[in-house]
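Please put together the full structure from these sequences, using the hints given.
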Amino acid sequence: MAALGIATGGRNWFSALALGVTLLKCLLIPTYHSTDFEVHRNWLAITHSLPVSQWYYEATSEWTLDYPPFFAWFEYALSHIAKYFDQEMLNVHNLNYSSSRTLLFQRFSVILTDELFVYAVHECCKCIDGKKAGKELTEKPKFILSVLLLWNFGLLIVDHIHFQYNGFLFGLMLLSIARLFQKRYTEGAFLFAVLLHFKHIYLYVAPAYGIYLLRSYCFTANKPDGSVRWNSFSFVRLISLGLIVFLVSALSLGPFLALNQLPQVLSRLFPFKRGLCHAYWAPNFWALYNALDKVLSVIGLNDKWFGSAVPTHSPSFSDSHGHPHLHSDGHIGPRGFLRCLILCALSSFLFGWHVHEKAILLAVLPMSLLSVGKAGDASIFLILTTTGHYSLFPLLFTAPELPIKILLMLLFTIYSISSLKTLFRKEKPLFNWMETFYLLGLGPLEVFCEFVFPFTSWKLKYPFSPLLLTSVYCAVGITYAWFKLYVSVLTDPPVRKTKKQ
Amino acid sequence: MEKWYLMAIVVLLGLTVRWTVSLNSYSGAGKPPMFGDYEAQRHWQEITFNLPVKQWYFNSSDNNLQYWGLDYPPLTAYHSLLCAYVAKFINPDWIALHSSRGYESQAHKLFMRTTVLIADLLIYIPAVVLYCCCLKEISTKKKIAHALCILLYPGLILIDYGHFQYNSVSLGFALWGVLGVSYDWDLLGSLAFCLAINYKQMELYHSLPFFCFLLGKCFKKGLKGKGFVLLIKLACTVVASFILCWLPFFTEREQTQQVLRRLFPVDRGLFEDKVANIWCSFSIFLKIKDILPHHIQIIISFCFTFLSLLPACIKLTLQPSPKGFRFTLVSCALSFFLFSYQVHEKSILLVSLPVCLVLSEIPFMSTWFLLVSTFSMLPLLLKDELLMPSVVTTMAFFIACAISFSIFEKTSEEELQLKSFSISVRKYLPCFTFFPRIIQYLFLISVITMVLLTLTTITLEPPQKLPDLFSVLICFVSCLNFLFFLVYFNIIIMWDSKNGRNQKKIN
Chain Z
1 MAALGIATGG
11 RNWFSALALG
21 VTLLKCLLIP
31 TYHSTDFEVH
41 RNWLAITHSL
51 PVSQWYYEAT
61 SEWTLDYPPF
71 FAWFEYALSH
81 IAKYFDQEML
91 NVHNLNYSSS
101 RTLLFQRFSV
111 ILTDELFVYA
121 VHECCKCIDG
131 KKAGKELTEK
141 PKFILSVLLL
151 WNFGLLIVDH
161 IHFQYNGFLF
171 GLMLLSIARL
181 FQKRYTEGAF
191 LFAVLLHFKH
201 IYLYVAPAYG
211 IYLLRSYCFT
221 ANKPDGSVRW
231 NSFSFVRLIS
241 LGLIVFLVSA
251 LSLGPFLALN
261 QLPQVLSRLF
271 PFKRGLCHAY
281 WAPNFWALYN
291 ALDKVLSVIG
301 LNDKWFGSAV
311 PTHSPSFSDS
321 HGHPHLHSDG
331 HIGPRGFLRC
341 LILCALSSFL
351 FGWHVHEKAI
361 LLAVLPMSLL
371 SVGKAGDASI
381 FLILTTTGHY
391 SLFPLLFTAP
401 ELPIKILLML
411 LFTIYSISSL
421 KTLFRKEKPL
431 FNWMETFYLL
441 GLGPLEVFCE
451 FVFPFTSWKL
461 KYPFSPLLLT
471 SVYCAVGITY
481 AWFKLYVSVL
491 TDPPVRKTKK
501 Q
Chain D
502 MEKWYLMAIV
512 VLLGLTVRWT
522 VSLNSYSGAG
532 KPPMFGDYEA
542 QRHWQEITFN
552 LPVKQWYFNS
562 SDNNLQYWGL
572 DYPPLTAYHS
582 LLCAYVAKFI
592 NPDWIALHSS
602 RGYESQAHKL
612 FMRTTVLIAD
622 LLIYIPAVVL
632 YCCCLKEIST
642 KKKIAHALCI
652 LLYPGLILID
662 YGHFQYNSVS
672 LGFALWGVLG
682 VSYDWDLLGS
692 LAFCLAINYK
702 QMELYHSLPF
712 FCFLLGKCFK
722 KGLKGKGFVL
732 LIKLACTVVA
742 SFILCWLPFF
752 TEREQTQQVL
762 RRLFPVDRGL
772 FEDKVANIWC
782 SFSIFLKIKD
792 ILPHHIQIII
802 SFCFTFLSLL
812 PACIKLTLQP
822 SPKGFRFTLV
832 SCALSFFLFS
842 YQVHEKSILL
852 VSLPVCLVLS
862 EIPFMSTWFL
872 LVSTFSMLPL
882 LLKDELLMPS
892 VVTTMAFFIA
902 CAISFSIFEK
912 TSEEELQLKS
922 FSISVRKYLP
932 CFTFFPRIIQ
942 YLFLISVITM
952 VLLTLTTITL
962 EPPQKLPDLF
972 SVLICFVSCL
982 NFLFFLVYFN
992 IIIMWDSKNG
1002 RNQKKIN
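Chains as they are written, first to last, in the numbering used here: chain Z, 1 to 501; chain D, 502 to 1008.
No lab work stands behind these hints: they were computed from the structure.
Misleading hints may appear alongside valid ones.
Said to hold, decoys possible - Straight-line alpha carbon distances no greater than 25 Å define the calculated BS3-like cross-link-like pairs of lysine-lysine that follow: (1) K928/D <-> K816/D; (2) K725/D <-> K775/D; (3) K183/Z <-> K135/Z; (4) K374/Z <-> K504/D; (5) K637/D <-> K847/D; (6) K421/Z <-> K504/D; (7) K911/D <-> K135/Z; (8) K135/Z <-> K775/D; (9) K421/Z <-> K911/D; (10) K428/Z <-> K816/D; (11) K816/D <-> K421/Z; (12) K775/D <-> K459/Z; (13) K775/D <-> K426/Z; (14) K504/D <-> K135/Z; (15) K775/D <-> K788/D; (16) K426/Z <-> K642/D; (17) K135/Z <-> K722/D; (18) K140/Z <-> K775/D; (19) K135/Z <-> K637/D; (20) K140/Z <-> K816/D; (21) K504/D <-> K140/Z.
Dropping the structure here:
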């Protein structure tokens, strides 16, 4: 009994948090799921029933395989467990098949693969120093970070309601970040390379990894003031990094190269025909651009409206604007790398091609690691997270899920704001009046979009107005957070090598 | 309180769990011709909206009492009427007379679930929050933890948001009553409790402790002075609230009689279906239902019930205290549950509420009891296809209690409030020092049995000759546990002397 007492005592708060959120995920099993559910069922069927040579050619269903090969192998592995639940889901022709056992299997596969994310969070907590900590458990940065990551609203509703497998993928990313913090560079590089071949959206942040690994791993020594010692470049290390990336890519793309299918695979992975904006507008720069364009066209100043038509801007503009901040003057440590990563993710989100609103998570999750370190970062994090999470609301448009998304959003927002305010209570307030006003404005916006608008006459004439409003309002907040982060990166004092990370 | 945001988070968590459970199936879903409690509640909206008040409780061509006739007091009927007005505004088909029988749709389910959530949010949850905030001699953290554990109690969530009922209204009113009476707002407290009784007549299980506590207070103030004034005021409050609720039914004697006949169906027998009380468990060995005539059954159950609760009530009258009041609520409600007439398995919630209130005083035993209470309703929950939410919410509740109160470290004699009892025992048996050990072993046995029975019920088929084997076993095991708790709580009450109360442990 004493042993049980210790096990359930206050020392095991991390397990309690992890178990608690897992139980909540189990309760979310009967909620609405989007077409992504059918997408993954289809991929289970494709990888199970067809030979490898057919995987990237199969097009019975409209949801063709458009993730890199490692994800396909992951679905293949899952399909071997799936056959014990319901054999019928593995039939390629069973479009939109969703028996209760299929649902149970798919939901549980997401919940169980999330364990990698839990492990990654545990590793990240080790990288946070607790010097600022108060005596109370709930005021320790490790505790706050664990809650912010494990109970992240965005992950919960995208993975466990909408249905996706972001949990374990973000687990891989956070784990690679943790390894880089712990100076285990090769492991970090390996994990990131693996991640890229699971979901190529992480290419957005690859430059940050590249620059940081080059700077901190390939240059083995620093001058006393922290800047790089140019003659300490190690070719061996560079080669070893290259080898890691090459081997992982070979494992992933090798079979398809051998089958001469590489162009087909690449065309599936990078569908540039799809247009600048996704079906739901991600709250990024193009949303603002489109909105402005629409407004101008309504007024009569502009005849063209781009909307979701074929764009005139080429993809290269989006990419090139993303990374001008990568300066390799040699003053970056792990924290600097993290800022760089977040900026890459945010820039790509704001200016990127065919961006899903879910991609905001790519910036939000790593930002959580920074938020428990400095008050300035906490402020940016809260603005980014609150607006980013609110922008995910249109993903869940069914009535039974409305209370869930509002309750979970309130839960996360109240916790994040109050805990970070308590952590940094000795410094200046986290928000100025403008920011407070903006964040509070989300409440009336939600009330208008979901409760007032459906009963007005505008619903018939302008049915997409709530989406437009949400997108534009959030785009303002996200752009502001991006700008503030950019400024803080450029103006902060350089990291000293002697500072303990 | 300074940590209001933590309390807000606790309430939000409670609401989230409630709503996610409500996404599951309800009682009688898709099971014509009778369906279940969900259809009963919809039917009452139909009846109360379309028929005049005089016909609500009477059998007629429009109101077939065999098909879910009203058998709760008038406040439930008024609540149904209120919901019916809202239903009429959204979709009149839901409550159209006769044609809406067995109506089932996603929109209707959403509406019904929302009515439960709103009732909960308005009545029960504020009472819980206020109760926890007003607790004395414990830290803010423990108050919040207490609120979290009460709000996560699986039994109430599963029955109200799964099976479908409105227990949170009557339990909420009862809790307001407890609050009022404990903090010397006696009139408001008794008003709230009268509302509770007028919502569900099962709240009468709690009526004796209220009566004894208030009577004790009057005695203490002196029956010749303030006490007498208080007594008169209380009597007037009770009578006034009853008259207000029953006004349309007091016009004719026939009306009142018919309502009482519906509320107290003495013809139905000692127990119905499987319930974890003495009579059902005893009938495994001896079928008393068939042997004894009805009026003898009523007399026997009456006697047993009152004999078992008398000591605690007398003590409460002589030494009224909020702590004694809470424990007497537990033991009284448990006595009624175990020995009374026509008890339903859901009535265990009437015992669970007071146990939730003493969670911070005896965390280990309370958590144990609340787990058993949820387990005792397992056959009902399985019938409603609520296995997943049951398991998940039970685990969540257990973890919340274990972490918040460190229950496994609180099994010493003093923490189990058995110190004075064990001192008395040691006068006769000097070597009796292993109380905590016994209780820990009993707990382990109990939990293992519950887990095994749950697994068996889910995975195996009962033998052909004994189709109810598993339900009966569950009821029997739960009944044994409840008997143990009855003895335990009575011991605490009787051995809680004035000296004991002065050595209050600060948690």
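Practice task
List, from low to high, the hint numbers that the structure doesn't satisfy.
Solution key: As far as the earlier hints go, 2, 3, 5, 8, 9, 10, 11, 12, 13, 17, 18 and 20 are violated by this structure, in ascending order.
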